[in-house]
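Residue numbers (our numbering), protein chains in the order written: chain A, 1 to 115; chain B, 116 to 232.
Possibly wrong hints are sitting among the right ones.
[As the list claims (entries may be wrong)] Simulated coverage check for chain B against chain A, where a stretch passes if three residues somewhere in it have a Cβ under 8 Å from a Cβ of chain A:
# : segment
1 : 156 to 162
2 : 203 to 210
3 : 224 to 232
Hint data in this document are derived by calculation from the structure and do not stem from the laboratory.
Quick caveat, the model's predicted, so the values are computed rather than measured.
We put the CB at the ideal spot given by N, CA and C, even for glycine.
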Amino acid sequence: AQKVTQAQTEISVVEKEDVTLDCVYETRDTTYYLFWYKQPPSGELVFLIRRNSFDEQNEISGRYSWNFQKSTSSFNFTITASQVVDSAVYFCALSEARNTDKLIFGTGTRLQVFP
Amino acid sequence: DVKVTQSSRYLVKRTGEKVFLECVQDMDHENMFWYRQDPGLGLRLIYFSYDVKMKEKGDIPEGYSVSREKKERFSLILESASTNQTSMYLCASSLLNLAGGPGDTQYFGPGTRLTVL
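So here's chain A without its partners, still in its complex pose (with noise of 0.2 Å):
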């Protein structure tokens, strides 16, 4: 069964620390699609990446970087040096081939960034 695992209910950091964001996916399908969404305190859900599971190459866009490692199911984020405004709440989610007009989401990760 498809599922997506955001292991990590809140974390806190202060400003300028390394912080990573953990999700673990299960499919049975060979080709699915990974996405990560920001949900600031305003409510509405930010797109910030998707990868599909044929591209396993990490990617980085100024302080975010992703982590795709089929191996162990896993497409952690990791944002460098935090700052105040990435305090949200991130989802990890998963699309299958079969159906890839539907998101399976996590249950998200609450990340609070400290001054």
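Dock chain B against the given chain A, drawing on the hints supplied.
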């Protein structure tokens, strides 16, 4: 930029009332979705629609219905609101997945926080 708007940010209703939540997107997306978000449960899909007048049940459709009369608008209806429907409701839209295609990213509205008393 994709823009998805929801009619209300906050709504308070009484048990038994009929409630309409409206969602409009301006990017000509075929797919539209309604989710509810509850602490510790993440986002759960209620209904989605891939075309006008088409709808499909998601994971938790009980107690809800939907309407899609125009491509840009997708309404969620609570026929008789109950206290257990107090939640954050999020609307999203995306382009239709073409056969064999990768599907497209979903873009979300700001959410409606509904309280049923």
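Against the structure, the hints:
Counting residues of the segment 156 to 162 of chain B whose CB lies closer than 8 Å to any CB of chain A gives 5, so the stated coverage by that chain holds, three being the minimum. By the rule of at least three residues with a Cβ nearer than 8 Å to a Cβ of chain A, the coverage given for the segment 203 to 210 of chain B holds, with 4 such residues. For the segment 224 to 232 of chain B, the stated coverage by chain A holds: 4 residues have a C-beta nearer than 8 Å to a C-beta of that chain, and at least 3 were required.
Violated hints are absent here; each numbered hint is respected by the structure.
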